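As you go down the protein sequences, you meet chains A and B in turn. Numbering follows this note's numbering, in which position 3 of the first sequence is assigned residue number 3; successive positions increment by one, without gaps. Numbering follows this note's numbering, in which position 11 of the second sequence is assigned residue number 11; successive positions increment by one, without gaps.
For the record, the hints were derived by calculation from the structure and aren't laboratory data. A quick note: this is a predicted structure, and the numbers were derived from the prediction, not measured. The reader is advised that the hints may include incorrect statements.
[What the hints assert, rightly or not] Pair ranges (Cβ atoms, derived):
{"#": "1", "chain 1": "B", "residue 1": "His56", "chain 2": "A", "residue 2": "Ser28", "range": "50 to 60 Å"}
{"#": "2", "chain 1": "A", "residue 1": "Ala146", "chain 2": "B", "residue 2": "Ala146", "range": "13 to 23 Å"}
{"#": "3", "chain 1": "B", "residue 1": "Arg96", "chain 2": "A", "residue 2": "Pro143", "range": "27 to 37 Å"}
{"#": "4", "chain 1": "A", "residue 1": "Glu71", "chain 2": "B", "residue 2": "Arg18", "range": "40 to 50 Å"}
{"#": "5", "chain 1": "A", "residue 1": "Met75", "chain 2": "B", "residue 2": "His98", "range": "24 to 34 Å"}
{"#": "6", "chain 1": "B", "residue 1": "Ile97", "chain 2": "A", "residue 2": "Thr132", "range": "16 to 26 Å"}
In this text, a Cβ means the ideal position worked out from N, Cα and C, and glycines have one as well.
2 protein chains.
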Amino acid sequence: MAHSLRAADEVEPDLLSRLRQRGWRLSSQRRVIAEVLVGEHVHLSAEEVHARAGQHLPELSRATVYNTLNELVAMGEVIEVSVTNGAKRYDPNAHRIHHHVVCRNCQAIRDVEPPPTTVLPPPEAVAGYAVTETEVIYRGLCPDCATDRPEGSVPGS
Amino acid sequence: MAHSLRAADEVEPDLLSRLRQRGWRLSSQRRVIAEVLVGEHVHLSAEEVHARAGQHLPELSRATVYNTLNELVAMGEVIEVSVTNGAKRYDPNAHRIHHHVVCRNCQAIRDVEPPPTTVLPPPEAVAGYAVTETEVIYRGLCPDCATDRPEGSVPGS
DNA sequence: GTGGTTCTTGGAACGTGTCTAATCTTGATC
DNA sequence: GATCAAGATTAGACACGTTCCAAGAACCAC
Chain A
1 MAHSLRAADE
11 VEPDLLSRLR
21 QRGWRLSSQR
31 RVIAEVLVGE
41 HVHLSAEEVH
51 ARAGQHLPEL
61 SRATVYNTLN
71 ELVAMGEVIE
81 VSVTNGAKRY
91 DPNAHRIHHH
101 VVCRNCQAIR
111 DVEPPPTTVL
121 PPPEAVAGYA
131 VTETEVIYRG
141 LCPDCATDRP
151 EGSVPGS
Chain B
1 MAHSLRAADE
11 VEPDLLSRLR
21 QRGWRLSSQR
31 RVIAEVLVGE
41 HVHLSAEEVH
51 ARAGQHLPEL
61 SRATVYNTLN
71 ELVAMGEVIE
81 VSVTNGAKRY
91 DPNAHRIHHH
101 VVCRNCQAIR
111 DVEPPPTTVL
121 PPPEAVAGYA
131 VTETEVIYRG
141 LCPDCATDRP
151 EGSVPGS
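Generate coordinates for the entire structure from the input sequences, incorporating the hints supplied.
Encoded structure:
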């Protein structure tokens, strides 16, 4: 399938200028990585970001992808999500509080808008720890994997 | 320091018989690994389990540690905890609902008894997923790291 | 005690992520 | 538009955590 990325100037217009204000040099590599990540609003691994961005910038190195992702995480523009198996995944939806649901079969991640009744009051202290962040992960089977397919098989995308 | 492990028969007497009922062959390796893990009630990494069990069984291989831990997880006797950086950790406290709090500096994990007011109603379905598990992780600084130590340093244990 | 099934072992191999030194680019300045 | 220094990118080596494999050893039902 052909990924029709939006033009750079259209992608989250605030993001690129925010980054620039923080002294970020806007190289073509960083621009493409941000486009891939923010433009698709899915939860890609670093390797997937590398593959997709590489379609637009074949010379792109893995080191640059990792560097850029780590910088975006450090700046709070992207959230790192660990799903127990395999690589970290990167969530561009960093500015809205939300939870995640992970398929235990195919590892697909979706954002979950927390219903008001399930919102945890952010505790300031837990077991003596100064808590700054609460992460909620639901685990189960996604709609595709929940249908009667043999366990372990990944439904075709 | 000398770890004074409890004798095998004292360690979670139910656990070993439960495992046996499921057809688990009770080798000395598996016994020692279960003792180390369940007997100390902390959150060890596979490498730490290997090191501690190796004090009692010097020939123990890493492959066996990983095999055994994965089996215990599959049987629901142990919970895998991902802390974003580094190795998975293994929580023997699998039969009581609880959350975890992780120090973002030294990665120390503690169990958290969820106060009744913060218990999430386990949703049956989220975003179309059939949810079977809810995981809550608090992140922050542990008491040791929260005192005015330079960021990145790990207080002596 | 015997035998077959299962477990363990050491080492190779893999996936993810970081580091390094050399080279190239960006953007401020003229 | 040209210059230049600071910073970014690159390829590849490396580190770490984990899994795979084939050969040998141990467990336990008989």
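Point to revise | Cβ separation of Ala146 (chain A) and Ala146 (chain B), checked against the hinted range 13 to 23 Å | key: For Ala146 (chain B) against Ala146 (chain A), whose Cβ atoms are near 43 Å apart, the range 13 to 23 Å is violated.
Point to revise | Range hint 40 to 50 Å (beta carbons of Glu71 (chain A) and Arg18 (chain B)) holds or violated | key: Given range 40 to 50 Å: holds, Cβ gap about 48 Å.
Practice item. May I ask you to test the hint 27 to 37 Å on the CB atoms belonging to Arg96 (chain B) and Pro143 (chain A)? Key: Once the Cβ atoms are compared, 31 Å apart, the range 27 to 37 Å for Pro143 (chain A) and Arg96 (chain B) holds.
Review point. Using the C-beta atoms of His56 (chain B) and Ser28 (chain A), is the stated range 50 to 60 Å upheld?
Key: 57 Å, holds
Check your understanding: Per the hint of 24 to 34 Å, is the separation of the Cβ atoms of Met75 (chain A) and His98 (chain B) within bounds?
Key -> 33 Å, holds
Review point. Measuring from beta carbon to beta carbon, are Ile97 (chain B) and Thr132 (chain A) in 16 to 26 Å?
Key: 24 Å, holds
Hint compliance for this structure: hint 2 alone is broken.
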